[in-house]
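J.: Chains A and B, in that order, give the protein sequences. According to this note's numbering, the first sequence holds residues 6 to 393 in order. According to this note's numbering, the second sequence holds residues 656 to 819 in order.
Keep in mind that the hints are not guaranteed to be accurate.
Claimed, not checked - Taking lysine to aspartate or glutamate pairs in the DMTMM-like style, the calculated list, with each CA pair at most 25 Å apart, reads: (1) A/Lys-213 - B/Glu-755; (2) A/Lys-219 - B/Glu-756; (3) A/Lys-187 - B/Glu-729; (4) A/Lys-220 - B/Glu-696; (5) A/Lys-139 - A/Glu-201; (6) A/Lys-139 - A/Glu-125; (7) A/Lys-194 - B/Asp-700; (8) B/Lys-772 - B/Glu-756; (9) A/Lys-194 - B/Glu-696; (10) B/Lys-744 - B/Glu-766; (11) A/Lys-223 - B/Glu-756; (12) A/Lys-220 - A/Asp-99.
To be verified - Simulated restraints on C-beta separations: (13) B/Leu-723 - A/Gln-191: 37 to 45 Å; (14) A/Gln-191 - B/Gln-722: 38 to 46 Å; (15) B/Arg-731 - A/Asp-209: 16 to 24 Å.
It should be emphasised that the hints constitute simulated quantities derived from the structure, not laboratory data. Just so it is clear, CB atoms sit at the ideal spot from N, CA and C, and this is done for glycine as well.
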Amino acid sequence: MSKHFYKKSGFLKNFLLLSGIVIILVFQVLASNPQHPESTSPEQAASHETGAHKEKFNAGNMIIEHIVDNHEWHILNVGDFSLTIPLPVILWFDGKLHTFMSSNFHHGHQQYQGFGISEEKENKGKIVRVNQEKYLAEGVIECDKTQEMPLDFSITKIVLAIFMSLALMTWLFISIARTYTKRQGQAPKGIQSILEPIILFIRDDIAKPSIGAKKYEKYMPFLLTLFFFIFLNNLIGLVPFFPGGANVTGNIAVTMVLALFTFVITTFSANKQYWVHIINAPGVPWWLKFPVPLMPIVELIGVFTKPFVLMVRLFANITAGHIIVLGFVSLIFIFGEMNLALGYGISVLSIAFSIFMDFLELLVAFIQAYVFTLLSALYFGMATEEHH
Amino acid sequence: MELVSPGIGLIFWMTLAFGLVLWLLSKFAWKPIMKSLHERETSIDNALHEADKAREEMKHLIFSNEQLLNQAKEERDEILKKGREIKEKLIEDAKQKANEEAARIVESAKESIQNEKMAAMVDLKNQIAKLSIEIAEKLLGHELSDPKRQKELVDHLIKEAKLN
């Protein structure tokens with residue numbers, strides 16, 4: 006009887022998951038509506054102003070806009086109304102701090118206090134000092150080459166997403182820690198029992214075998230925080246509507262900071278053995294080390310390539326996944342522009358492929374978090390390995 | 656280019672926020688979680704170990720119980736055996752005693768019979784003697800009234816005596 010029950014609930018779960026993904030995809034299509042003002046390139050903006058004909062859908066622009074950071078958080082468009090969360094802009098320029106809300110830019114169409122979001126190819130999306138002549142003449146915001154670039158410390162879309170996910174993690178794990186201390190020695194309960202297997206997996210299958218049973222404890226807080234940060238943001242990144250939609254782990258700056266943390270911890274916990282291994286690798290013929298120190302150079306480069314590869318791998322995997330899903334969604338609009346019926350027809354195929362990709366991305370979300378954590382643990386293990 | 660060029664603001668905020676959360680979680684979340692996980696594991700380990708020990712003790716207890724039972728059985732057998740022996744001995748003794756008593760009684764009976772017999776014999780002898788004497792007296796009184804007859808008798812007796 007119980008067997009029948011499980012079958013039934015399994016079906017229900019699958020159904021819920023599938024319908025959830027379909028809803029997500031519908032939002033994806035809505036959110037990537039090509040008519041929102043963000044996607045206007047200079048010439049498109051001009052045509053938009055004249056109102057002579059409908060702007061043309063540019064899939065490349067749309068995809069890139071959904072992947073990169075932004076100074077405002079665009080949620081959705083309904084007709085002419087666009088729901089956008091303005092975010093604080095914080096600039097360091099000419100020895101002074103300038104702070105204002107990004108709504109002053111009017112979605113990038115206007116300048117404010119001499120700053121504007123560049124529309125040129127090379128600095129696209131960045132806040133620059135506006136070339137006033139060009140702006141007044143053509144209404145185009147371009148970088149003023151005579152002035153230096155302001156340092157941009159704005160709370161952008163991705164920064165806000167980072168804050169939100171970190172706040173969620175802090176709340177989640179501190180409340181779980183409280184449950185652990187309250188229910189000392191008892192079986193896990195509620196959300197604790199969902200996360201405990203993952204915590205144990207990181208401890209027993211990542212940290213212990215990679216670092217060793219004696220020293221792993223010191224690195225557990227970092228590995229756990231790292232894993233859950235990547236995993237959580239990978240998952241949130243798959244949700245196309247607010248509060249998801251920010252491509253946190255597919256941003257090179259974020260993965261760079263994570264890789265730098267690993268690099269710094271590896272370097273600072275390295276023992277003598279580690280440095281000896283770099284300078285004088287054992288088991289290598291002497292003529293590879295002297296007079297030309299070929300091996301030491303290779304080893305030294307390896308020290309820096311390891312975190313570099315960590316950075317690129319996570320960034321590329323997550324970004325690539327997003328690009329593919331957005332590409333499938335773009336197909337609907339590309340074909341829709343040719344012929345409305347063709348657009349509807351292709352949407353079936355597009356959504357089917359997107360569902361497949363979303364499932365794949367769920368897997369990738371876990372695998373990438375696992376790989377990043379595992380490799381970090383392996384590097385810590387190498388740095389603290391004892392002579393044998 | 657924007658895609659692969661990390662922005663300074665993002666690096667700054669990410670480092671700050673991630674570092675802060677790393678510190679916060681290390682102190683207030685991971686430490687107690689890892690600690691209680693470890694404690695639970697050791698307590699489970701201990702419990703299993705103790706269960707093992709208890710099982711071992713149980714085995715030992717059962718073994719010693721069996722031993723005790725066997726010993727008790729042996730003792731019972733021993734006691735029963737002894738009891739039987741004592742019983743047999745008692746019966747044997749009683750028999751022997753009875754036999755002895757009977758023999759003694761028989762002996763004494765025999766003795767008393769003998770005595771009685773002897774007494775009776777003596778009595779009989781005396782009676783016979785007395786009777787014979789009386790008879791002899793009467794006979795003598797009758798025979799020896801004539802001297803000739805006296806002489807003949809004496810001769811005859813002498814003759815008889817010589818023949819013996």
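J.: Can you name, in rising order, the numbers of the hints this structure does not satisfy?
T.: 1, 2, 3, 5, 10, 11, 12, 15
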